[in-house]
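Chains as they are written, first to last, in our numbering: chain A, 12 to 506; chain B, 118 to 463; chain C, 67 to 368.
I should point out that these hints are in silico values taken from the structure, not numbers from a laboratory. Check each hint, because a few of them may be wrong.
[Stated by the list, open to error] Here's a subset of chain C near chain A, in silico, CB distances under 8 Å, partners left out:
(1) Gln201
(2) Asp202
(3) Lys231
(4) Thr232
(5) Leu236
(6) Arg237
(7) Ser240
(8) Asn244
(9) Glu246
(10) Ala247
(11) Arg256
(12) Ala362
(13) Ile366
[As the list claims (entries may be wrong)] Here are the simulated DMTMM-like pairs of lysine to aspartate or glutamate, each with C-alpha atoms no more than 25 Å apart in a straight line:
(14) C:Lys254 with A:Glu115
(15) B:Lys127 with A:Glu348
(16) C:Lys304 with A:Glu150
(17) B:Lys254 with A:Glu319
(18) A:Lys137 with A:Asp123
(19) C:Lys359 with A:Asp359
(20) A:Lys342 with B:Glu348
(21) A:Lys474 with A:Asp455
(22) C:Lys233 with A:Asp123
(23) B:Lys254 with A:Glu310
(24) C:Lys156 with B:Glu165
(25) B:Lys255 with A:Glu319
(26) B:Lys357 with A:Glu310
(27) C:Lys306 with A:Asp123
(28) C:Lys359 with A:Glu170
(29) A:Lys147 with C:Glu324
(30) B:Lys460 with A:Glu348
(31) B:Lys352 with A:Glu310
(32) B:Lys334 with A:Asp455
(33) C:Lys233 with A:Glu115
(34) B:Lys255 with A:Glu310
(35) A:Lys279 with B:Glu348
(36) A:Lys58 with C:Glu246
(37) B:Lys285 with C:Glu324
(38) B:Lys357 with A:Glu215
(39) B:Lys255 with A:Glu150
(40) C:Lys359 with A:Glu150
Where a beta carbon is used, it is the ideal one built from N, C-alpha and C, also for glycine.
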Amino acid sequence: MNAIEFKYITKRFGDLTANYNVSFAVRKNSVHCLIGENGAGKSTLMKILFGIYKPDSGIIKINNVEKSFDSPLDAIKSNIGMLHQHFMLIEDFTILENVILGSEVTIKYKIDFEWSEKTLNNFNDKYNLGLNLEQKISEISISEQQKVEILKLLYRNSEILIFDEPTAVLSPVEVKEFYKIIEKFKDEGKTIILITHKLHEVKEIADRVTVLRRGEVVYETEKENLDINILSRKIVGDVILKNDISKETVMINQEDSVIKLSNITLRKNGHDILNKLNLSLHNGEIYGVCGVEGNGQSELVDLIFGLEKKFSGYLEKNTNKISLVPDDRLKKGMIKEFTIGENLILKDKNKLNITKKYLTGLTDEVINNFDVRVPENSVIMKLLSGGNQQKVIFAREIELNNDVLIFSHPTRGVDINATAFIHSKIIEQRNAGKAVLLISSDLDELLSLSDKFGVIYKGTLVKEFSSELENIQNETMKNKLLEKIGKLMIGISVE
Amino acid sequence: MEFLLNKKLKANIVSISISVVLTFLITIILLLILGKNPVVVLGTMFGEVFGSGYGLGQTLFKATPLIICGCGLAICFHASIFNIGAEGQLNAGSFVISLVAFYFSGLPFILLFPLCLLSGFIVSGVFGLIPAIIKIKKGVSEVISTIMLNFIILALVNYLLIDFFAVKSTVRTEKISESFMIPKFSEYFQMFQGSSLNLTFVFALLLALFTYYLIYKTSFGYKLRAVGFNETASKYMGIKNNKIILLAFFIGSGITSFVGINFIMGYKGYYELGFSNNLGFTAIAVALLAKNNPIGVIFSALLFGILDYGGLAVNNIVPKEIMFVIQGIVILSILSVDKLVEKYYG
Amino acid sequence: MNIIVSILSLTFFAQVLRLFTPYFLGANAANFSERAGVINIAIEGFMITSALGYALFTYLTNNIFLGFVCAILVNLLFSLLYALFVIKLKINQIVAGVGFNLLMAGLAKFLIVFIFQSSSNTPRIPDLPNIPYIQDIPYVGEVLSDYIILFSFALIFISNFVLFKTKFGLRLRSAGENPEAGESLGIKIRLYKLYGVLICGFLSALGGIWLASNQNSFSDGMVAGRGYIALAAMIIGKWKPVNIFFACIMFAFFEALEITFQISGTFIPSQIIQMLPYLITILVLIGFIGKTKPPASDGIPY
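Assemble the whole structure, with the sequences as input and the hints as a guide.
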């Protein structure tokens, strides 16, 4: 019998379609893995299941009964528990307080701490969690925090357990511990949904696997038929390379690097977010970096750009003129309340009399050269489409004529036309002899544009490709490369 | 004046208009509840304010320090810096101005006046730097630090005044020489006879223009506002946030010291304990109502000046203290109307 | 020598208790609100309204009890208004606080003049009743028989118990620490923020009522910045009732000392003593006296 059935679930956020007609079933007392790239729609789907979002259309059945959840409380009442990717824990509270919050047991007005402690310690022992209930969350390690989240689920008698990227932050030993706990859950008759992108773990634990890509179900398989290579390809999809961008061979002395990182280590919150990283950027070269989000990309960018100063290792810069198109344009890339012109002058030299005429002039230049679609010259950035916003940011950075250009996820949330335009501009800069660093999770983009290409995993560039990129038109070579990349991104080493 | 007539400006004008109207309505209702005839009260008020040269003069006189202080605060508020410490800052600067004006009386006015401005500006500015540095180095919110500093500065000024500089048995400094007093309007225009309105008013207007220019026409102003809107993006666009915060605090606080010019050099000739009468807080309301636009501050200050003097004028009918109530209503009304207009305009 | 004798006297002790009470009530008021994640810098204003409310309604109804109740109601109404602004409309809490302070102070100034035609105070009103017999004890009888003073002492235990041992307190604190986490466990966060604001209104009302009762009238400026000292005490006390208690005792002690000095003359200027609470607060904030960590989600509209 099916513990959960998804039927034609669709969910949109504005222009973005997070889930489209998602349908599949989760068997009772099984471990069901839900896999896919970042942005594939896995988390959204689970948040719908847990009552955080409501689907635009489609239904969910729990134990063959159609259910509609208005809030997590409803899901909890149906014995569904979710372990979020970003822990929902209160730093200043003890483990005990965090677990019982919202479902406290009391004697008259006082919380029954004695009973609570006893009950929790029972679970603690049974599942070998090894937690000290008196400790505050701020005092315990990440894997212990996760165990607290697990304890929360046990305390509420969850029968259906959703785990969102549970082993993302665990060491190999902790991962083994975690899967032992999962086994125990299964023995107890619970149903488990595991969101992950770690294929080797999937191989070990899954009973059934569903693959999501761009919000849709693209593949399903049972334990017996599991093939990591197939899964890997299904996750990244078929990559269509663009042939219309010409990369001239740039005759530039490439021995000298413009920026060189040697053995860079950056420590934050107790662990090395960049770990002995080596990277060289050269003139007239596009260096692409790909990896699962959270493996150090943002910190790498911040470091090269100059915002991150407390690191060990060597950073050699032949120039300080670095442009950056950041990954999150709303948060980092622009002042949305300002007009285009006003955003442009922020990087201009200091002026004492900024007239409307001057701003209009700047804006016109950008609008014309970068094909930005605007209702009027003095429109504020907030009202532009994502693609046009990105073009403005692009323009601003390119017009500075700096030696080094960093593009971080430059076409995220951008429509096809703007994307093509931005790509051509990136190539243009490379041809003009600039050093370009391109960070992206879009493999199409990276493989089409990059001269050199590195995979980042847990703060290190684990492998660099350059010659392989030359044969990319060949279908077989391309697939081989993609498989390699897929594995590297999740930590499996390749030859 | 060049306005970029975008949605934001339209929304602002709507907010301000609705707030003013709302305040009006609430005031009328309040008057009715108190058993007073709103027509008589408001009529008398406006009659007194606009009906005589003296009334007009007094209104403008009371608006002057609000314009000055409001402009200083506007600079801070644009950078999202909640400077609640204007009361302390302006008193520190004004106190020093009164001392400089008295002890450097050997200098000609043409040198003394700038010297007073400079010394007041620096003293107030430095007191403004304290919360700025605490914020930057320790991440402490300027709200609490400026509130605390108000008390500290006022106690300090009180101590220095009473124990060292006060004229015996008074709570004021020595009176400065007549030749350093700023000319009153009544010296040029008969109609303002008897009013303390002086050329500081013109100075205030010029200051407002200067501040407007600084905020909306210079690179500094744009960076100031960028930091106020989005600190993170500013950082990524290469703006030195810390420098901007320090400057905003320094300049904004420094400007508030000029309030002293109006009272000391334009009216009484000395610094007196309590002269500011919570001006530093009223100025917050003035700046808020004007949406931190210095030109708007002029009109907002005028409105508060009308309430201030008008209150005195109708004191027989309804106690002048009602103006404090109305001030409070103005703030709450602009805050709530603003939020609702924001939701409506999206 | 004289000073030491004065300090060790029972009169001094009684004085400290009298000064301590409004501080502690105000600080706890602010603490409950901030523990729920709502900053309230208008404690001063809330004390003003309740002090005036008590004086006014006791005078009008000639009934202490009614006066007491009305003062509480006045503050609760203002609390609801404040909650509307900062919880429902999510208006910036600092700015709203400034606005409320101005409105409340202005309202008080206005009402005394309007109703009593006096520029500074209301007519005399009777005290709140004391516990009989105890009040007859020499020197300390008056303070030890005062219900509100006794309540403030009990408040250390009550606050601690409610915040850290009850279901209500746990949920209230979750609203101030991590509302998303609380919400994910089914807690109605906004409701708990409202509770925090209401408790704040209630406790600050007790402070204001006590001040008016102690002075037997309301006069303009009688709260004299105690609301801000209460905020300072809360910060120095790191949002924990026991520490807040000691911070308030410390401030009361210094103030009593200052009064004693003024009577017997001293070398430390009174203004310096006056600024002490504020100076200490800043030093604590800068971290000279340990780190301050307010509730993690304090002041963030949710």
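We went through each hint and held it up to the structure:
no., hint, in the structure
1, Gln201, "32 Å, violated"
2, Asp202, "36 Å, violated"
3, Lys231, "5 Å, holds"
4, Thr232, "5 Å, holds"
5, Leu236, "6 Å, holds"
6, Arg237, "7 Å, holds"
7, Ser240, "6 Å, holds"
8, Asn244, "5 Å, holds"
9, Glu246, "6 Å, holds"
10, Ala247, "4 Å, holds"
11, Arg256, "13 Å, violated"
12, Ala362, "6 Å, holds"
13, Ile366, "14 Å, violated"
14, C:Lys254 with A:Glu115, "14 Å, holds"
15, B:Lys127 with A:Glu348, "14 Å, holds"
16, C:Lys304 with A:Glu150, "19 Å, holds"
17, B:Lys254 with A:Glu319, "17 Å, holds"
18, A:Lys137 with A:Asp123, "22 Å, holds"
19, C:Lys359 with A:Asp359, "40 Å, violated"
20, A:Lys342 with B:Glu348, "9 Å, holds"
21, A:Lys474 with A:Asp455, "18 Å, holds"
22, C:Lys233 with A:Asp123, "9 Å, holds"
23, B:Lys254 with A:Glu310, "22 Å, holds"
24, C:Lys156 with B:Glu165, "40 Å, violated"
25, B:Lys255 with A:Glu319, "18 Å, holds"
26, B:Lys357 with A:Glu310, "19 Å, holds"
27, C:Lys306 with A:Asp123, "22 Å, holds"
28, C:Lys359 with A:Glu170, "38 Å, violated"
29, A:Lys147 with C:Glu324, "42 Å, violated"
30, B:Lys460 with A:Glu348, "15 Å, holds"
31, B:Lys352 with A:Glu310, "14 Å, holds"
32, B:Lys334 with A:Asp455, "44 Å, violated"
33, C:Lys233 with A:Glu115, "6 Å, holds"
34, B:Lys255 with A:Glu310, "23 Å, holds"
35, A:Lys279 with B:Glu348, "21 Å, holds"
36, A:Lys58 with C:Glu246, "14 Å, holds"
37, B:Lys285 with C:Glu324, "24 Å, holds"
38, B:Lys357 with A:Glu215, "51 Å, violated"
39, B:Lys255 with A:Glu150, "23 Å, holds"
40, C:Lys359 with A:Glu150, "15 Å, holds"
Checked against the numbered hints given earlier, the structure breaks hints 1, 2, 11, 13, 19, 24, 28, 29, 32 and 38 and satisfies all the rest.
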